[in-house]
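A.B. asks: Protein sequence lines correspond, in order, to chains A and B. Residues in the first sequence are numbered from 1 upward in steps of one, following the working numbering. Residues in the second sequence are numbered from 1 upward in steps of one, following the working numbering.
Don't read these hints as lab results, they were simulated from the structure. Check each hint, because a few of them may be wrong.
Pairs involving identical chains hold if they fit within one copy or between any two copies, as the list cannot separate such chains.
Distance condition first, Cα-Cα at most 30 Å in a straight line; then the derived DSS-like pairs of lysine-lysine [claimed, not checked]: (1) Lys296 <-> Lys363; (2) Lys174 <-> Lys41; (3) Lys312 <-> Lys49; (4) Lys312 <-> Lys239; (5) Lys312 <-> Lys363; (6) Lys163 <-> Lys454; (7) Lys173 <-> Lys30; (8) Lys331 <-> Lys128; (9) Lys163 <-> Lys41; (10) Lys310 <-> Lys49; (11) Lys49 <-> Lys174; (12) Lys239 <-> Lys331; (13) Lys180 <-> Lys384; (14) Lys239 <-> Lys400; (15) Lys100 <-> Lys74; (16) Lys180 <-> Lys41.
2 protein chains.
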Amino acid sequence: MTLPSKENFSEWYHEVIQTAEIMDVRYPVKGLYVWFPFGFKIRQLVYSKLREIMDREHDEVYFPALIPETELGKEGEHIKGFEDEVYWITHGGLTPLDVKLALRPTSETAMYPMFRLWVRNHADLPLKVYQIVNTFRYETKHTRPLIRLREITSFKEAHTVHKDFEEAAEHVKKAIGFYKEFYDFLAIPYMVIRRPEWDKFPGAAYTIAFDTIMPDGRTLQIGTVHHLADNFARTFDIKYEAPNGEHYYAHQTCYGISERCIAALISVHGDDLGLVLPFEVAPVQIVIIPILYKGKEEAVMEACRKLAEKLKAFRVVLDEGEDRPGAKYYKWELKGVPIRFEIGPRDAEKGVAVVSFRDEKRKFEVPLDEVDEGKVLEWARELKQRLRNAAAERMAEKVKFVENTGEIEEWGGVVAVYLCSDEDCGHSVEEHGKSLLGWFEEVPDWLDLEPEGKCVVCGREGRLAALAKTY
Amino acid sequence: MTLPSKENFSEWYHEVIQTAEIMDVRYPVKGLYVWFPFGFKIRQLVYSKLREIMDREHDEVYFPALIPETELGKEGEHIKGFEDEVYWITHGGLTPLDVKLALRPTSETAMYPMFRLWVRNHADLPLKVYQIVNTFRYETKHTRPLIRLREITSFKEAHTVHKDFEEAAEHVKKAIGFYKEFYDFLAIPYMVIRRPEWDKFPGAAYTIAFDTIMPDGRTLQIGTVHHLADNFARTFDIKYEAPNGEHYYAHQTCYGISERCIAALISVHGDDLGLVLPFEVAPVQIVIIPILYKGKEEAVMEACRKLAEKLKAFRVVLDEGEDRPGAKYYKWELKGVPIRFEIGPRDAEKGVAVVSFRDEKRKFEVPLDEVDEGKVLEWARELKQRLRNAAAERMAEKVKFVENTGEIEEWGGVVAVYLCSDEDCGHSVEEHGKSLLGWFEEVPDWLDLEPEGKCVVCGREGRLAALAKTY
């Protein structure tokens, strides 16, 4: 079976998720999917990095998945933002529950009644915790594995509490830094964008999002950072005693990344042959394929085994299966293995192997005694750099700068415009079939545009903004 | 604040869970608790070991938490066993759902419709997967953190598929071996017991359980292994093609461990001062406490820092806080830190430290240059051996062998009797205020009893059985 071309992105995505064994899409409920062992390994590798970054200055915790209606409803804006998509548990066995329970869509209202108890004194601040949990949304739109699901199985949500607005604002910048590091690690280019007032997180003072651009030109929100000011603190009565003896409401932030990071990983780097994975997150990092001819098997296998042994610090597969080499190439390409070695009888004799990298067409010969851990890590670094550059180049091609709102509609990808902060101008540019993602917090290095210019609607001072169809 | 004595086990447990910061019991829904950072670290350390054991021959996967009513209800026995305690989701937002969704109480009915698709041919067998997930039970009995909860946050469930009954039975033995290794690692003594017919897992051919004995003499089931025969395979149509071209129903097993393993860890080893943790699962493994006197601080701190540096391969805390040494001892004892060093001015001068272990009263002096990683690991091994022996001794004291059913009721702990396999005899011994746990698969080395004897009810050939009040 061959994959559809990646140019038909939607079909390619659906197919690669199933055939590369990321998720099984055949679960009998719409919007719910099963993580295959291979997909789960990618998830573990990707989330280990996220954990490593979070662990530097957050404590990992776990709060319940069930939130009583009474707590969920407390913050007016917040509940309005979620009420259409919350799953409600109404019965335990055959017994109707006294208080309905919501399956967490996100955990503010599970955590903050407890933060009230945890925060008493300025010495308790800042409080910084995170958890990686399943969250639930009753999605009525078209669902897609890893992108729009009814059970988000791996939502990393961090929540912090600070003494004032400024300290929380500083922390928002730090959180943006964490997420940059994470996406740089995955070689996924992103735009850091401040969402318009009307599209911020329900209950937040402001929201800054990470958007990446998918192969079809639509954007995918792959991370958000929210400054909550003291909105939730007032609702949940989170106060602390300052050194001066006065009591003040705390200021909070929260920020999250879901398994959309893996959707982006697959979509941004993949090609017509399947997955293309950075070395660090590949379940199989190196595959060694013996090219066997009758009577010469032993020398080839010995060279292969020696190489596998030498590289055992990595996740290496020596594919001794019955399939022909071509079938093996196909299989491991589909799975995104970054580095492939082939060794045939003449290679074994000469003490060389033929090397190829998943992202390139070329093959080259390398003396086996030059292959060691250091060499592999060097190749891995170069591979990542190539992936990042190629992805940024493809994304840049999907962004068009326009100086006239009439041009917004026809462009298939992201449209960049200058826009002032006036809400009317914002709504006005959204009348052209695309949503306003918001304003660039900083312009990425792969976009050759100035941060400031005249508003495309009214001509006043504006900043660079982005419009797109979104996932 | 001091803990209640462990002799009042129920109060001690409740209090230690909160004050040692395992879980916060103040969440506003009965039966739901919050993992504190410290408790979560214990969980991570304990479950890393479980993962390590599982990873040897299972693939980790993730199946959805939501199971449609239509699947959950397919296996008649199974649904009967769970119908009173399933949480039902009936609404998405304000919209009633077409098919009610159950929050998984366990995952057989989520997994097996997919296993039907995964298993086609004998080459697909054996299939062995596991997942660590949250599961839900609408508990109406008295709830307790880690023991009886409405959200079990860390259920490790493994599921395997085999070609026939015998292969599955062999795998049941293997699974018992995995769980023995796990509980030996935690130094928790257990009884491996075959449950009576009327107390097996709903849908299983037979169930073998791990029970440990709590300080109050009640038993806690801390793991179960089920042979499912082809009961579920017939319901979910899991068939494979054998080498002879015929199609057969597969045979299955499943086995699980929940966070009750952590309840046991706390309860079995803890004492009046708080937690007592084996070295490997202690979030803080070593604490170093400087004993400071005015003017001599520098030499003491330098010795402490040098020691901390030398032991940095471990999780070491050098407690430089303002508290007096006594308050520090108290705090770290509560948290179960296995090894404590104290260094005062005269110790620093002499180049020694005073060492004590969490499970012992004695203190002794050790030359600092004799303390290294090897020494610490030796102490850790000895500590674990002491914990295991002490726990087994305490448990043995709670088991009483009786030859007369009249004595069953009065004994506060576990009662051992010989019992034949006749169901009437089984029900008859249960009339004395205790449940029949079942028959010992093997008699633990800390119980000095023969495996076989005459049935306490009818006098026929019987095997050693256990009766207890259970959690």
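A.B. asks: Under a CA distance limit of 30 Å, which applies to Lys174 and Lys41: within one copy, between copies, both, or neither?
C.D. replies: Both: 29 Å inside a chain and 24 Å across chains, each within 30 Å.
A.B. asks: Measure nothing new, just compare the shortest in-copy and cross-copy C-alpha distances for Lys331 and Lys128 to 30 Å and report within, between, both or neither.
C.D. replies: Close across copies (22 Å), not inside one copy (43 Å); limit 30 Å.
A.B. asks: Between the shortest in-copy and the shortest cross-copy C-alpha distance, which are at most 30 Å for Lys310 and Lys49: within, between, both, or neither?
C.D. replies: Both, since 26 Å and 28 Å are each at most 30 Å.
A.B. asks: Since the copies are identical, ignore which copy is meant and state whether Lys173 and Lys30 lie within 30 Å (CA to CA) inside a copy, between copies, both or neither.
C.D. replies: Neither, since 37 Å and 38 Å both go past 30 Å.
A.B. asks: If the cutoff is 30 Å on CA atoms, where do Lys49 and Lys174 land: within, between, both or neither? Let me know, please.
C.D. replies: within (17 Å within a copy, 33 Å between copies)
A.B. asks: 30 Å Cα cut-off: does Lys180 pair with Lys41 within a copy, between copies, both or neither?
C.D. replies: both (23 Å within a copy, 27 Å between copies)
A.B. asks: Go through the copies and call it for Lys163 and Lys41: within, between, both or neither, with a Cα cutoff of 30 Å.
C.D. replies: Between copies, since 27 Å is at most 30 Å while 40 Å is not.
A.B. asks: Is the C-alpha distance from Lys180 to Lys384 at most 30 Å within one copy, between copies, in both cases, or in neither?
C.D. replies: Within one copy only: 15 Å inside a chain, 44 Å across chains, cut-off 30 Å.
A.B. asks: Give the relationship of Lys296 and Lys363 under a CA distance limit of 30 Å: within one copy only, between copies only, both, or neither.
C.D. replies: within (23 Å within a copy, 68 Å between copies)
A.B. asks: My question is about Lys312 and Lys363: at a cut-off of 30 Å on alpha-carbon distance, are they close within one copy, between copies, both, or neither?
C.D. replies: within (23 Å within a copy, 45 Å between copies)
A.B. asks: Tell me, please, which holds for Lys163 and Lys454 at an alpha-carbon limit of 30 Å: within, between, both or neither?
C.D. replies: neither (38 Å within a copy, 72 Å between copies)
A.B. asks: Taking 30 Å as the upper bound on the Cα-Cα distance, should Lys312 and Lys49 be classified as within, between, both, or neither?
C.D. replies: both (21 Å within a copy, 22 Å between copies)
Comparing the model with each earlier hint shows violations of hints 4, 6, 7 and 14; every other hint is respected.
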